[in-house]
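J.: Spelled out from the first residue to the last, the chains are:
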Amino acid sequence: MDNPRLQPPTRRSLVSSTDIFLALVSKELHVKYKRSVLGFFWSLATPLALAAVYLFVFVHVYRVPQEDFALFLLTGLLPWQFFQMATVAATNSLVDNAPLIRKVYFPRPLLPIGAVAANLVTFMGGLGVLMLILLATGRPLWLGLHWLVVALVLQTALCVGISLALSVWNVYFRDIAQVIGIFLLVLFFLTPIVYDVTMVPAAFRALAWVNPLAPIMETYRAALFEVRTPDLGLLAAGAAEAAGALALGYLVFRRLSPRIPKEL
Amino acid sequence: MAPTIVVRGLWEEFRVLQDRPGSVKEMLSRLPVGRERRSNWALRDVSFEVEPGETVGLIGRNGSGKSTLLRCIAGILPPTRGEVLVGGPISSLIELGAGFHPELTGRENARVTGALFGIPRRKLEAKMEEIVAFAELEEVVDQPVRSYSSGMVVRLAFSLAVSADPEILLIDEVLAVGDQSFQRRCVDRISGMARSGVAVVFVSHQLDLVSSVCSRVLLLDDGSVVSDGSPLDVIAGYERAQ
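Sequences listed follow chains A and B, in order. When we follow this note's numbering, the leftmost residue of the first sequence carries the number 1, and every step to the right adds one. When we follow this note's numbering, the leftmost residue of the second sequence carries the number 1, and every step to the right adds one.
Because the hints were derived from the structure by calculation, they are not lab data. Hints may be right or wrong, so weigh each one.
[Said to hold, decoys possible] So, partial list: chain A residues that the calculated Cβ filter (under 8 Å) puts toward chain B:
hint: 1; residue: Gln7
hint: 2; residue: Asp19
hint: 3; residue: Leu24
hint: 4; residue: Val25
hint: 5; residue: Val37
hint: 6; residue: Gly39
hint: 7; residue: Arg102
hint: 8; residue: Lys103
hint: 9; residue: Tyr105
hint: 10; residue: Phe106
hint: 11; residue: Pro107
hint: 12; residue: Val252
hint: 13; residue: Arg254
hint: 14; residue: Arg255
hint: 15; residue: Lys262
Fair warning: this is a prediction, and the values are worked out from it, not measured in the lab. Just so you know, even glycine gets a beta-carbon here, dropped at the ideal spot from N, CA and C.
Isolated chain A, as found in the complex (with noise of 0.2 Å):
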């Protein structure tokens, strides 16, 4: 009979997988700040100088009447370029860690896993900032706390689910890579971001109902800038999609990956 101590070397490690997820997470911010002398605060530059501009065309030169449209957007400037910034370095972290794959067995999600939450804290610490600024203006913002932890999941579930599926496929074709760009350029203007959902016509309406990230970006809008309940419905539908999505990302995943040290 076989000893049962016997596995498969997959099963067999030293450490947890905490341990090497945080060594990863740690990693992805230290190279990401080396050499910078404002480091972290790069991660607010993109959406303030995205917001500034959008402040110029649509109140200075189409004059649509918004009230503190500054933080309107960047209450959807923010998270968004969370969504963004985590699913591009997610799609590229298998591919960029080639020599670790090929090298070392550790579970593989943690790699886009990971890159997602390094992203994940950089969007923290700029979400911080802006409800300092929000709580600033008068916002009970205590009020929307629990839908703010709602968004922050559904979102980050989202991103993990999209990340797991993207960055085993850009192995097989580095395509993917390219075609993400497209695809986040589409998409952030088919989600609420620089406007309000209340605003599409509705003719368009279904659009947020089919695009994931569109009860997100409502909850945190209602959370942070209204202060108000979001729309539950809607909420419903974004949840079932984001749980979707990140199922989806785990099959996919499970299904590619064993032969990805093949294809590095």
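Given chain A, put chain B in place with the hints provided.
T.: Just chain B now, kept in the frame of chain A:
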């Protein structure tokens, strides 16, 4: 004694990379003829066991399957057929560099690679100075790895791998880079670990090194184990065949 590595009927398929389209464009341009999937076997029906404390050398010509076998034992490549079972944690030192990031310092890299090699975080911090000292990198450990020589990189990687307290140590042709004195200390360390019950599998083309380190040698040819025995016998047979 119970074996700590069991390889049973292991077949590993190896796909020639050039036959796979690298992009959609390339794929479309090949569609009419279909994908040519030339597959062959990097390992053919390999079976053997390693006991705790054994130091097994893998020798053979380039492309005979030594590195593939090591990767299968490490769990990096899943077996196409057959199975690989291990009785304890593994530390694997495969190819140079251990995937260090050039912009990060030696110490920062040691934290990441240490975790991947199986050293828990607390223990890694406690052992850091010892790891750095064994690698003789005290002067440069806080400088970016891009400034290191290839010998320094290997020293750090080896030092991390042996600090993980594995029950199985897999080493692939990495000692060739270090200088004589470091190679000597590596061999001493490997022998010491073997004496304390670690199973070592060691790939090298340096036959003199294999015969001085290993207690047993497997000769691979075209993916099969063609000879398994004492270093003297197997190496003599290999040299005769050349």
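J.: For each hint, tell me whether it holds in the structure or not.
T.: Each hint, compared with the structure:
1. The restraint placing A:Gln7 at the interface with chain B holds, with a minimum CB-CB distance near 6 Å, inside the 8 Å limit.
2. The beta carbon of A:Asp19 comes within 5 Å of a beta carbon in chain B, closer than 8 Å, and the hint placing it at the interface holds.
3. The interface hint given for A:Leu24 holds, since its Cβ lies 7 Å from the closest Cβ of chain B, which is under the 8 Å cut-off.
4. Because the closest C-beta pair between A:Val25 and chain B is about 10 Å apart, greater than 8 Å, the hint is violated.
5. Annotation: interface hint on A:Val37 violated; nearest CB of chain B at approximately 15 Å, more than 8 Å.
6. Interface restraint check: A:Gly39 against chain B, minimum CB-CB distance 14 Å, threshold 8 Å, status violated.
7. Among the interface hints, the one on A:Arg102 holds; its C-beta lies about 7 Å from the nearest C-beta in chain B, closer than the 8 Å criterion.
8. The beta carbon of A:Lys103 comes within 5 Å of a beta carbon in chain B, closer than 8 Å, and the hint placing it at the interface holds.
9. For A:Tyr105, the interface hint holds, since its Cβ comes within 8 Å of a Cβ in chain B; the closest pair sits about 4 Å apart.
10. Taken as an interface hint, A:Phe106 checks out: its beta carbon lies about 5 Å from the nearest beta carbon of chain B, inside 8 Å.
11. With a least beta-carbon distance of about 10 Å to chain B, the hint placing A:Pro107 at the interface is violated under the 8 Å criterion.
12. Interface restraint check: A:Val252 against chain B, minimum CB-CB distance 17 Å, threshold 8 Å, status violated.
13. Given hint, A:Arg254 at the interface with chain B, is violated; its Cβ is 12 Å from that chain's nearest Cβ, farther than 8 Å.
14. Checking A:Arg255 against chain B by beta carbon gives a least distance of about 12 Å; that is not within 8 Å, so the hint is violated.
15. Against a cut-off of 8 Å between C-beta atoms, the interface hint on A:Lys262 holds, since the closest Cβ of chain B lies about 6 Å away.
Of the numbered hints listed earlier, those contradicted by the structure are 4, 5, 6, 11, 12, 13 and 14.
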